[in-house]
Structures are given as C-alpha cells and as structure tokens.
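Asks: The chain contents come next:
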Amino acid sequence: MNPRVGFAGLSHLGLVSAAALASRGVPVVAFDPDPAAVAAISRGDLPVVEPGLPELVASPTRPVFTADAADLRACDVVYLSLDVATDDAGQSDLEPFRRLIDIVWPQVGADATLVVLSQVPPGFTRELARARMTASPRPGALYGQVETLIFGRAVERALHPERYMVGCADPSRPLPPAYAHLLELFGCPVLRMRYESAELAKISINFFLVSSLSTTNMLAEVCEHVGADWDEIAPALRLDARIGPKAYLGPGLGFGGGNLGRDLETIKRMSDERGTDTRIIDAWRINSTYRRDWALRLLRSDVFERIPDASLAVWGLAYKQHTASTKNSPSVALLDAMGERSISAYDPAAELPARLRARVTIASDPLSACKDADVLLVMTPWPDFRDIALDRVAAAMRGRTIIDPNGVLDAGRAAAVGFAHYRLGASSVN
Amino acid sequence: MLLGAHGFLAARLRTALQDARMSVHAIGARDIDLAAAGAADALQAQLKEGDSIVFLSAITPDKGKGIDTLMTNLRMAEQVCAALARVRPGHVVYISSDAVYRDTEPFIDELGPADSPSLYGTMHALRERMMMATLGSGTPLAILRPTLIFGPGDTHNSYGANRFMRAAVTDRRISLFGEGEEQRDHVFVDDMIRLLQAVVERRSAGVLNVVTGQSISFGDLARKVAAIAGDVAVEGKPRAAGPILHRHYDATALFRSFPDFQFTPRDEALARAWRGYAQPA
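Chains as they are written, first to last, in our numbering: chain H, 1 to 430; chain Z, 1 to 281.
Please keep in mind that the hints were generated in silico from the structure rather than gathered at the bench. Check each hint, because a few of them may be wrong.
What the hints assert, rightly or not - Listed next, the stretches of chain H that the computed footprint assigns to chain Z, with coverage defined by at least 3 CB atoms under 8 Å from CB atoms of chain Z: (1) 300-311; (2) 333-339.
What the hints assert, rightly or not - Away from chain H, derived, C-beta distances all over 12 Å, residues of chain Z: (3) Asp-19; (4) Leu-47; (5) Gly-178; (6) Gln-214; (7) Ala-226.
Glycine included, each C-beta is placed from N, C-alpha and C at the ideal position.
Given the sequences, and given the hints that come with them, work out the whole structure.
Replies: Take a look at the structure:
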C-alpha cells in the first residue's frame, strides 16, 4: 500500500514534485500557507510555465491542494519543498523557508519522515535537525533529498529521475520503509550520503554544468573568429567517453536564471570564510556576463554603424524556453541597453519587465513583431520559432539581418531568402 | 571648470560645452601651475561648490617619462585634491588613460587590474585613487580611461593614426615597426569629446574605458590612411626582437552606460581626421 505523502510549499519545485508523485498513484496532500495561491492552483491557474504540468494537475490522480497545515498530519512522509529565492547577487533568502518550517513542523505526525527538498546550503539540514530535534524530539527522521529541477524540463525530470541523492544523519542506516517505497517507485538508483554531501552534490552538479558551459562559450567565440563551426566540433566531443553524449556543449548567452548563480555564490561565500582558492568562479561569472552581451556587441559592430537608428524585432524575453522567468534573461539585458530606438518584442509566456514597457512594444505574435524591423533577434530558443516561414519574416521586415544566438532558425534557409544570419559558435552566413 | 586649457582634448571640450550653452572656465598652466606649492589655494579661489570639474592636466610621456615627471604629475593631483577637499564640487571627471593596464594584457575590460608597471600608467592609477580617496562617496566621480585618440590637433605624435597622417602629409610615406602587426583600438577625438560631454551633462560616475571594442593592426590602419591620402607609401622596417603584443577591449560597459552613443565608423572617422591634417584650419 502506498504511503500518504505531503508537500509543503507549492512554488515550482513543490508543485511539480507533488504532481509527479501523485501521477504514480500515491495519495498526495499539497499544502501552501497562502490560501489564494492554493485556490489558484486548484482551478488550474498555475504559477509557473512547465510543459506537462497543467495536464498532471488536471488529471484524476492529482494532489489534494490545501492551505490547512493540519491536513499534513496524516502523512507518512512530508517534503519541505518551497523554492528558495535568490537576489540579483545569487544570495539565497532562506527566511520564507524557515517560516514554512515553523508552520509545518508542529503539524506533522511524530512518526512521519520529513524530507528537505528545497535548495539549501551545505550544513542547513544538519543544523535544522540539531535545532528542531533537540527542542521537540521525534522518532520520525529528517532527510535531505537533492532536487535537480531544470526549468522547462521539470516534469520530465520529476517523472524520470536519473538517480536520487538522499542526505541522511547516518547514511549507514536504512531509510524508513515508507520513504524508501516512494523512491523505489521511480526505478532509479538511490544514493545515500551524509547531509552535507547531498547538499554539496547538487552544487557539484551545477558546477560541472557551469564549467562545461563556460568552456563551450569560450571556444565558441574562438570559432566565430577563425571560421570554425562549434556545431561541427561538439559531436566529436560527445563521442569522447570522458565528455559524454549528454554533456552541456551548446553555446549560450551565459547562464541565466538563478540556480547556477546561487550555487556559485554559496561556494564562493563558504570558501571565502575557509580560505579556498575559488578564482575560477570569478572567471566563470565574468565569462557568463561577457557572453550574455554577445548580441549587444554584434549589433554595435555589425548593424548600428550601418543603420544607426535600426529598429529591432525581438523574439523571446524569457531566460530560456518553456519558462516565463526573465530573471537574468539575456533578452531583457539586451533591451536594457538599447536606448531610445524602436523595438517590438514577442514571447509566448514571459512578460516584459515594467521598467521596459514605455520603450518596448509587445506584439501579439512573432510576425507582427517583425513589421518594418531592420533586425530580428531570436533571444530565447522557443521551439515554435523554428516553424515560422522565413519568407514571411522577410516580407514583414525592412532589413535582412537575423541575430539568432542559439541557431533556432536554419542558417541556410535564412541565407536563401537574403538574410545575414548570425549565431553563436560560427561565422555569420550571408 | 576644466583643469587644462590648451591640450589636445581641453580646447575641443571647451568649445563643445560652450556650444551646449554651458558656462565653461578653463584653467591652463599659464593661469595656475598646478604642480606649484600654493596651487590648491589659487584653485580653491576659482572653484564654487557644486561646480563640475574635468581634470585633464597631465605631463604626457612625450614630454618626460622619468620619475621627475611622475612626481610632478602627482604633485598636480595633490594640489587639485586639496582644493576639491575644501570646496565640495558637484561632479568630477578625471581623464585617465588605458596606460593603467599592463601592456601585456591582450583583452581588457574595466574589471581588469590597473597595475601597469610603467610610470605613466602608475601615475594615472595613483591619481585615480587620490581622487577617489578625496571625494569618497559624496561626490560623483567619473574616471575615463581612453585608449589611443586620433584627430587633428594632437600634440603627442605617438605611433598610430596621428603619426601616420602627419607622415602622409609631410613625407608621403608611412613607416611601420615590423609590418605593423600589433592590433590596437583607436578612438576618434570627436567621439571622445561627445562622450565626455555626455558624461558631464549626465554627471556620470564610475570607471569607463573609452574604447570602440574593435581593434585593428597598425599595418591595416596605415594602409587605410594611405588610401585616404592617396599616393602614400607604407613600408615596414625591422623591429626589435620580442613578442608581438595585441590589445583588444570589451566595450560593453560603455555600450550599456551610453545606449544612444554611437562611435563614428572607423573609415569615416579617419577620413574626417585626414581632412583636418591635410587642410589644417
């Protein structure tokens, strides 16, 4: 028989995780202390854009959503699942999560297993166990489970995890049966480790991603200057067993969002306190910001000199596809640096930040954004953009320049209808 | 208030600001010898609280490269800082130089260390710190670090567009070190003045490299000058042994700080500069 499971905190992480577990037939209570948020989710008005999530939340096996923490009392396992927000410097704000724990802790049954799923820094779970267990001892244990949510692929990742990393007070002891049963439902390896290792494992994964991305971006720029094409090089790297077929080898406009930046900041701060050489983090950050502005430099060097008052069409505002988040978005950073010129933008999900609304016109569809534009910039690689006929784009535009960092549009087809096409990792195609 | 009245930049900036209907007072070496004891008192007497001050005065390497020049330049800054400390200005602009960066640094932005071992670069770096220490956070301070500036009226004649144009006028022949392989960024003086004017008008603060972000080899630059001038030869000559050092800049900070500022395209800037050299006013 399936255990009863609770989730506390229904932001991105909690909502996706609760819905994914419920889809496996597990009875799930999904709690958030904000009644308005719960009501919105219950009627299908979700706070995040995530492929597959609306279907899961609308399915017959969806979680029971509640704003009453007492509903968690009957649960055998309760996940603390609120996303930990970060500021612009990548610093975590743990206070909302601590307040949630204050609400949930007294409501959970004494024998229930509590699992920290949120993005907490190394040492957090041990400290939580020490503080809470001392104040109110309970037989049910506290664990930390590493989340590896990817914006835009969160449901897929939650339904088909590669492995579970579980932080334990004592990794040599078996997991509580109810919790172990839940993990086994997904048929992937379960790695037990001490709390601190689990917390650092998540950060370590992100460090390797940043490392790959930064290396890729640096080499992609070299490609742009020497006539090589990174798209030809990457497949060769993927066939190298030391690099791997799924390595992060796609050049991009730095690392957007907040999670990678948060982890860099966490390790930077901890290492500064302890005296570890982390200058490589500085180099990654500098390179990320530098590559974020790739399109800005290109406009300055290749377009604005020819057409000083060039008008722009911008496809995509979100920091990546399949999300409405514009946090650290290269597109928004570009718009911030465009001054007083005509700009029309379109994004299927993200909204324009308020500070830009006086300067940027929002179009109802991609082709409308292109009307009379001198340059089209494809700043977010939404797959839908790939299917838009380039001859219609050409007919709508005045100019013949496409800046498409992620190579969403086909360079050959763009050239065939007269566009100069620029993408990361390659010389321009005219 | 311009500290520096007769230099390459000062005279042009004065005209530009006056054309923008600003009240401009320029102080040259003939008015106040900034390196002299008591210069601070004389300067203080001319300053008013809330003034915008552009500090351009410096003895450049073509007039001296030794420790005596370094110390004279620092004394000038000492006197200026003493005056600024007594009169609370509204805005200060210090014209530094990209010489604050190491010659061996091939890719530069404002995050790079200003730790050039050259005395001239050290002088500007020290002056920057003196200004920062004097003004603290109470007065906006803009520090501009221009790279090679070209245009008619230049008095330095350092290797680059200015020397090439002079040579084209006088010798019909441009000489390069080696084949002129080294790549550098070059800024047209009119662009420098426009940017400086924008900094003054907006009371901008912070450190900014004045660079286009597009480097070109001295050889290619010389050939562009020769093409504009017509009937001018470009010749290489043996260079001293040693590595060829290039210098590239990331101009993103400038692009972000001044979104509507656009550099004059290089060919057009060279053509305009050439007209100034070929037909001096």
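Asks: Report the numbers of all earlier hints that the structure fails to satisfy, in ascending order.
Replies: The structure conflicts with hint 6 only, although it agrees with all the remaining ones.
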